[in-house]
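Student: Listed in order, the protein sequences are those of chains C and S.
Read in our numbering, the first sequence has 35 at position 35, and its numbers run on one by one without any break.
Going from the second sequence to our numbering is simple: count from 1 and add 1000.
Hints listed in this document are in silico derivations from the structure and should not be mistaken for laboratory results.
Be careful, since some hints might not be right.
Unchecked claim - Covered by chain S, according to a simulated footprint, are these stretches of chain C (three or more residues, beta-carbon under 8 Å): (1) 42-54; (2) 97-105.
To be verified - Pair ranges (Cβ atoms, derived): (3) Glu1052/S with Arg13/C: 44 to 54 Å; (4) Lys56/C with Arg1009/S: 40 to 50 Å; (5) Ala77/C with Arg1099/S: 24 to 34 Å; (6) Pro111/C with Ser1070/S: 43 to 53 Å; (7) Gln44/C with Arg1073/S: 18 to 28 Å; (8) Ser1079/S with Lys68/C: 20 to 30 Å; (9) Gln1054/S with Arg60/C: 35 to 45 Å; (10) Ile1012/S with Leu8/C: 27 to 37 Å; (11) Ser11/C with Arg1073/S: 14 to 24 Å; (12) Arg1009/S with Leu8/C: 36 to 46 Å; (13) Gly15/C with Glu1052/S: 44 to 54 Å; (14) Tyr1010/S with Lys68/C: 41 to 51 Å; (15) Pro1008/S with Glu38/C: 13 to 23 Å.
In this text, a Cβ means the ideal position worked out from N, Cα and C, and glycines have one as well.
Listed below, chain by chain, are the residues.
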Amino acid sequence: GEDVEQSLFLSVREGDSSVINCTYTDSSSTYLYWYKQEPGAGLQLLTYIFSNMDMKQDQRLTVLLNKKDKHLSLRIADTQTGDSAIYFCAEGSGSARQLTFGSGTQLTVLP
Amino acid sequence: KAGVTQTPRYLIKTRGQQVTLSCSPISGHRSVSWYQQTPGQGLQFLFEYFSETQRNKGNFPGRFSGRQFSNSRSEMNVSTLELGDSALYLCASREASGRMGQFFGPGTRLTVL
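Next comes chain C alone, as it looks inside the complex (with noise of 0.2 Å):
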């Protein structure tokens, strides 16, 4: 079946650049996206890159794709105190309909 990996951790200082990492499997993958949660939350939708794309810049969220590794990054310009979050990568497959998220990454910003 699908499976989504990201690392557990990430702490960064304020103002530096994060770079959070996910890796996927289902190579049917169409659709992948990027969410942030709060705690005591539901999910924020972030952004979103379509498979047939290798970018993509929103503000201070840039999303880069690797489709032959099956790789994708969620980088975070100028990282606020306020970015402090989980942040989970999410893959759908055809109309995607059904997400497949990973375990989500804890970013610590650090003063």
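Dock chain S against chain C, hints included.
Tutor: Just chain S now, kept in the frame of chain C:
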């Protein structure tokens, strides 16, 4: 537009009881999905409804069921609750093509004692 809403936000039940959770999708969204989030298993897909029909189902026992109404609101039901059902239950809605992603509600925190 208002976001996805879920009620109640918190529930405490005892083993053997049943529970019903409710979800109202974003206006115009006809697809509603449910996910279970636990520290041990992470986020797992339960099922998806579209136009009152279940289209996809995850690997959960039959004690987990759901339905969708003509106004796209959805409910999920868990019967004969077990301790392991304690989790955050998240509802998500999406527009028809689904390409832009699923939008999640704040979740219902269920505690089974």
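Student: Give a verdict on every hint.
Tutor: To see whether the hints hold, each was checked on the structure:
| no. | hint | in the structure |
| --- | --- | --- |
| 1 | 42-54 | holds (count 6) |
| 2 | 97-105 | holds (count 8) |
| 3 | Glu1052/S with Arg13/C: 44 to 54 Å | holds (51 Å) |
| 4 | Lys56/C with Arg1009/S: 40 to 50 Å | violated (33 Å) |
| 5 | Ala77/C with Arg1099/S: 24 to 34 Å | holds (25 Å) |
| 6 | Pro111/C with Ser1070/S: 43 to 53 Å | holds (51 Å) |
| 7 | Gln44/C with Arg1073/S: 18 to 28 Å | holds (22 Å) |
| 8 | Ser1079/S with Lys68/C: 20 to 30 Å | violated (46 Å) |
| 9 | Gln1054/S with Arg60/C: 35 to 45 Å | holds (39 Å) |
| 10 | Ile1012/S with Leu8/C: 27 to 37 Å | holds (29 Å) |
| 11 | Ser11/C with Arg1073/S: 14 to 24 Å | violated (41 Å) |
| 12 | Arg1009/S with Leu8/C: 36 to 46 Å | violated (27 Å) |
| 13 | Gly15/C with Glu1052/S: 44 to 54 Å | holds (50 Å) |
| 14 | Tyr1010/S with Lys68/C: 41 to 51 Å | holds (45 Å) |
| 15 | Pro1008/S with Glu38/C: 13 to 23 Å | holds (20 Å) |
Checked against the numbered hints above, the structure violates hints 4, 8, 11, 12; every other hint is satisfied.
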